[in-house]
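Those protein sequence lines, which keep their order, are chains A and B.
In case it helps, the numbering used here puts the first sequence at residues 1 to 165.
In case it helps, the numbering used here puts the second sequence at residues 166 to 300.
Keep in mind that the hints are not guaranteed to be accurate.
[What the hints assert, rightly or not] In silico DSSO-like pairs for lysine-lysine, Cα to Cα no more than 30 Å straight-line:
| no. | chain 1 | residue 1 | chain 2 | residue 2 |
| --- | --- | --- | --- | --- |
| 1 | A | Lys79 | B | Lys188 |
| 2 | B | Lys217 | A | Lys152 |
| 3 | B | Lys273 | A | Lys34 |
[What the hints assert, rightly or not] Distance windows between CB atoms, simulated:
| no. | chain 1 | residue 1 | chain 2 | residue 2 | range |
| --- | --- | --- | --- | --- | --- |
| 4 | B | Asp269 | A | Thr35 | 45 to 53 Å |
| 5 | B | Gln172 | A | Asp30 | 41 to 49 Å |
| 6 | B | Asp269 | A | Thr144 | 33 to 41 Å |
| 7 | B | Lys273 | A | Gly145 | 42 to 50 Å |
| 8 | B | Glu185 | A | Met14 | 17 to 25 Å |
[Said to hold, decoys possible] Here chain A is said to cover these stretches of chain B; the calculated rule only asks that three of the stretch's residues, wherever they fall, bring their Cβ under 8 Å from a Cβ of chain A:
| no. | segment |
| --- | --- |
| 9 | 229-237 |
| 10 | 243-252 |
| 11 | 258-271 |
| 12 | 278-292 |
Hints in this document: simulated from the structure, not taken from any laboratory.
Cβ atoms here follow ideal geometry from the backbone N, Cα and C, with glycine treated the same way.
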Amino acid sequence: MAVDRFPVEATHIMMFARSVADYNQIYYDDNYAKTTEVGHVIAPPTFAQSSAQFDPNYFLRPKVGQPWFGSGKEPTGIKREPSSGGGGGGGGLHAEQHYEYHRHIKPGDILKGVVKPGKTWEKEGKRSGKLVFTETVTEYYDQTGELVITAKGVGVRTERPVDSK
Amino acid sequence: MALKATQLKVGDTYTECLVEDLKRTQIVMYAGTSGDYNPLHTDEIYTKDVAKYPSVFAHGMLTMGMTGRMLTNYVGDGRLTKYGVRFTSQVWPGDTLHSTATVDSVDKGIVNLTVETRNQNDVVVLSGYAAARID
Numbered sequence: 001m002a003v004d005r006f007p008v009e010a011t012h013i014m015m016f017a018r019s020v021a022d023y024n025q026i027y028y029d030d031n032y033a034k035t036t037e038v039g040h041v042i043a044p045p046t047f048a049q050s051s052a053q054f055d056p057n058y059f060l061r062p063k064v065g066q067p068w069f070g071s072g073k074e075p076t077g078i079k080r081e082p083s084s085g086g087g088g089g090g091g092g093l094h095a096e097q098h099y100e101y102h103r104h105i106k107p108g109d110i111l112k113g114v115v116k117p118g119k120t121w122e123k124e125g126k127r128s129g130k131l132v133f134t135e136t137v138t139e140y141y142d143q144t145g146e147l148v149i150t151a152k153g154v155g156v157r158t159e160r161p162v163d164s165k
Numbered sequence: 166m167a168l169k170a171t172q173l174k175v176g177d178t179y180t181e182c183l184v185e186d187l188k189r190t191q192i193v194m195y196a197g198t199s200g201d202y203n204p205l206h207t208d209e210i211y212t213k214d215v216a217k218y219p220s221v222f223a224h225g226m227l228t229m230g231m232t233g234r235m236l237t238n239y240v241g242d243g244r245l246t247k248y249g250v251r252f253t254s255q256v257w258p259g260d261t262l263h264s265t266a267t268v269d270s271v272d273k274g275i276v277n278l279t280v281e282t283r284n285q286n287d288v289v290v291l292s293g294y295a296a297a298r299i300d
């Protein structure tokens with residue numbers, strides 16, 4: 001997703017690795033990482049997704065004083081905002097995600113995510129009615145202007161909830 | 166430890182159990198680190214009463230992240246060059262997932278893999294591909 005400044009920090013990498021149940025010490029321990037071929041801590045392969053934390057207006061984060069479509073004690077009745085596509089969220093689901101790694105990101109990197117709109121297409125789904133797919137390409141550049149990761153997300157908006165059976 | 170071209174052949178597989186009895190708290194942890202706070206993943210009242218799903222369900226990216234662990238354990242750290250997936254079925258609290266990488270081709274220092282993650286009912290929840298540098 002588009003983000004002006006995504007500072008990659010060791011603590012965030014550690015917490016992200018825990019959240020995907022990955023206890024490989026290359027994500028946690030700089031001393032261990034120095035003994036590996038890579039030579040330093042790196043981020044897990046899907047870490048770039050957490051750039052959402054650095055989008056001040058990310059619409060899937062509740063904000064003080066603004067309506068939020070999730071429940072309090074009871075449902076709020078607030079409608080969710082439509083997704084702008086790509087990553088799934090909002091009224092849609094995440095259908096696909098693709099990464100191309102030009103190099104692996106590490107603590108100290110300061111990334112910039114530049115979004116390029118992709119294709120949109122429709123198809124009829126057996127489990128959820130009409131499906132509208134939207135593709136978004138995000139290029140992550142580092143502090144030197146080098147392209148480090150190319151990410152392509154495909155979001156899908158469904159006519160009705162997906163039948164889980 | 167990186168893979169060696171001389172020790173790989175088409176059809177080789179590598180499998181890991183990604184998670185047993187997926188906990189709701191693991192999904193909350195992923196929401197917290199990724200920043201995707203969509204209530205569909207953590208808010209049972211919203212998900213059942215408003216969105217009309219049977220319960221909260223995991224972010225597709227949590228399954229992709231856990232599957233990525235299987236991949237990096239197989240190909241080595243910092244070796245992936247491509248990794249892409251389709252989310253083919255939802256992953257629910259309580260699910261147990263196994264993931265397999267299968268060697269498709271080995272060429273010019275790169276191994277191409279097919280990636281598949283299945284739940285306890287043998288339903289494919291994620292299918293995709295990866296490529297990695299090998300020695």
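Practice problem: Please name the hints from earlier in the document that this structure breaks, with their numbers sorted from lowest to highest. | Solution: 4, 5, 7, 11 and 12
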